[in-house]
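Peer 1: Chains as they are written, first to last, in numbering that gives the first Met the number 0: chain S, 0 to 312; chain W, 0 to 254.
Because the hints were derived from the structure by calculation, they are not lab data. For each residue, glycine too, the CB sits at the ideal point set by N, CA and C. Treat the hints with care, as some may be off.
[Said to hold, decoys possible] Looking from chain S toward chain W, a few residues come up when the C-beta cut is under 8 Å (computed): (1) 62; (2) 127; (3) 135; (4) 155; (5) 296.
[Said to hold, decoys possible] Label-pair restraints from in silico Cβ distances: (6) 7/W - 298/S: 52 to 62 Å; (7) 298/S - 250/W: 54 to 64 Å; (8) 7/W - 218/S: 34 to 44 Å; (9) 154/S - 62/W: 42 to 52 Å.
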Amino acid sequence: MTLLSYAPSKAGRAAIDSHRVHPEGTILDPNMAQSAPSQSEVARPSATDNLVEIRDVHYSVGKRPIFSGLTMSIPRGRITAVMGPSGTGKTTLLRLMTGQIRPDRGQILFDGVDVSTLSRTELYALRLRMGMLFQNGALLTDMSVFENVAFPLREHTDLPDSLIRNIVLTKLQAVGLRGAATLMPPELSGGMARRVALARAMATDPEILIYDEPFTGLDPISMGMIVRLVRQMNYALGITSIVVSHDVEELAILADTSYIIAGGKVAAAGTFVELKDHGSEIVNQFMHGLADGPVAFHYPAPDYYEQLLADKA
Amino acid sequence: MNLLRELLENLRQFVATIGATTLFLGRVLGQVPRALLRPGLIVEQVHNAGALSLVIIMTCGLFVGAVLGLQGYDLLQRFGSEDALGTAAALALIKELGPVVTALLFAGRAGTALASEIGLMRATDQLTAMEMMAVDPIRRVVAPRFLGGVIAMPLLTIIFIAIGIFGVQVVGVQMFGVDSASFWSQMRASVGMDDIHEGIIKGCVFGLACSLVAVYEGFTAVPTAEGVGRATTRTVVTSAVLTLILDYMLTALML
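Full structure from sequences and hints, please.
Peer 2: Okay, structure coming up:
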């Protein structure tokens with residue numbers, strides 16, 4: 000994969016150079032910034048502009064349908080927001096996209112390859128091209144911050160320790176946590192844990208970064224940092240980003256295109272301005288945070304008075 | 000009628016669990032060759048499962064041996080054959096008590112630690128995160144822990160037996176004044192290599208069973224606090240029952 004392109008001496012120097020040239024660490028790896036997009040263009044000239052295509056996907060858990068005919072496309076090199084009320088299966092969508100679960104029907108194409116038809120080995124090869132940021136960071140709790148970021152490199156490459164050290168330090172510098180390298184995950188705040196997780200997701204230089212609820216439970220400062228990082232990764236490195244969230248305000252700053260999922264389908268898609276003035280009731284309710292609407296305040300229940308009287312009897 | 004249905008349902012679940020565990024064992028064994036390439040990870044787990052259980056194993060070994068000395072002496076002196084205490088206690092420890100009690104302690108100390116550790120990794124998305132980094136958690140997390148347990152268990156059994164025999168000697172020879180020379184010489188004369196093999200084979204099999212149960216329960220734990228708790232409990236119960244059943248079967252086979 001892309002990892003093989005690391006020639007020890009060359010990349011080692013590049014890592015150090017980038018460190019010198021960009022003391023603020025805004026660019027993770029100058030090699031990557033140029034080579035990642037062009038590489039995929041050269042390798043797949045016929046590939047569409049969409050890195051991920053979801054076509055008429057049906058998925059249900061037990062008898063409860065989660066998706067019924069979901070169709071979306073994630074444009075290459077852009078930030079796509081996926082929004083929707085809680086419980087609409089946003090996280091399920093990510094699990095489908097990354098091949099953790101398979102759809103009942105329909106196709107999920109990643110760069111033209113149907114994810115659901117891949118074997119475990121092929122899937123793992125594909126996942127080296129993806130980076131995923133979990134809601135709580137999902138750092139390995141028995142390793143330091145440094146070792147967490149080094150983990151994918153140690154697992155997938157035979158790079159010498161000195162080189163791994165340089166790569167890890169550059170990635171940590173990019174998320175502003177080089178100074179926290181020796182801390183253990185329980186010593187980190189929620190925002191820091193997520194930034195470390197981002198550095199770890201970046202360690203293998205993926206083409207796409209998937210963020211699962213990156214803003215949940217963060218204070219405004221940490222939130223601002225994450226927003227900045229998502230943009231940086233996207234613009235500086237040309238990485239395709241998918242942000243699953245329901246923080247409308249943050250996504251308004253970030254997203255190039257947005258999807259709202261409701262009722263197992265795409266309820267609306269477009270830029271933020273388009274969504275704000277969308278005619279559909281559910282989109283209106285979601286975008287403006289109304290307590291009642293198509294998503295009812297009350298969970299489905301038998302008739303209130305009848306139930307009260309029946310209980311008495 | 001209801002009872003019958005429940006019974007059948009339980010039976011079905013039991014068979015399903017055995018099937019799932021066997022498949023899981025297959026997956027783990029499939030990853031063992033690749034896990035062996037990283038001996039550092041296995042050594043770490045031998046330390047976790049073995050070295051950290053050492054104190055409890057040694058303490059229990061000493062007291063089990065001491066009790067064996069008391070009871071054995073009381074029993075044998077009724078027949079005037081106290082000199083046979085060494086033989087009787089050594090055979091009991093090597094063939095039965097050593098492997099079985101070590102396995103029960105191992106399940107309680109190392110098995111629960113394994114199950115809750117893996118279960119918590121599942122509950123906090125660490126295993127999923129690994130899968131997303133294209134790292135097979137069976138190879139990276141489960142296989143080294145399984146191997147660590149499999150290696151540690153027979154070693155712990157041997158240590159338990161050695162300390163146990165020392166305990167018997169303390170009580171029998173030091174306290175009750177059994178003749179030291181006949182204690183040891185009778186033991187050496189009548190305990191054969193077969194007996195020692197039996198103990199070690201049992202230790203290996205129990206180690207395999209207990210480690211498998213622990214990593215399986217942890218890996219398949221429901222990813223909640225309650226789920227991890229249940230997995231831990233089930234690890235102890237299943238390991239204990241399995242150990243005793245296997246003990247009967249192995250003894251019947253090797254007698």
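Peer 1: Next, verify each hint and record whether it holds.
Peer 2: How the hints compare with the structure:
1. 62: violated, 20 Å
2. 127: Interface hint status for residue 127/S: holds (5 Å vs cutoff 8 Å).
3. 135: holds, 7 Å
4. 155: holds, 7 Å
5. 296: violated, 27 Å
6. 7/W - 298/S: 52 to 62 Å: violated, 36 Å
7. 298/S - 250/W: 54 to 64 Å: Given range 54 to 64 Å: holds, Cβ gap about 58 Å.
8. 7/W - 218/S: 34 to 44 Å: Once the Cβ atoms are compared, 55 Å apart, the range 34 to 44 Å for residue 218/S and residue 7/W is violated.
9. 154/S - 62/W: 42 to 52 Å: The hint (42 to 52 Å, Cβ to Cβ) holds, given that residue 154/S and residue 62/W are roughly 44 Å apart.
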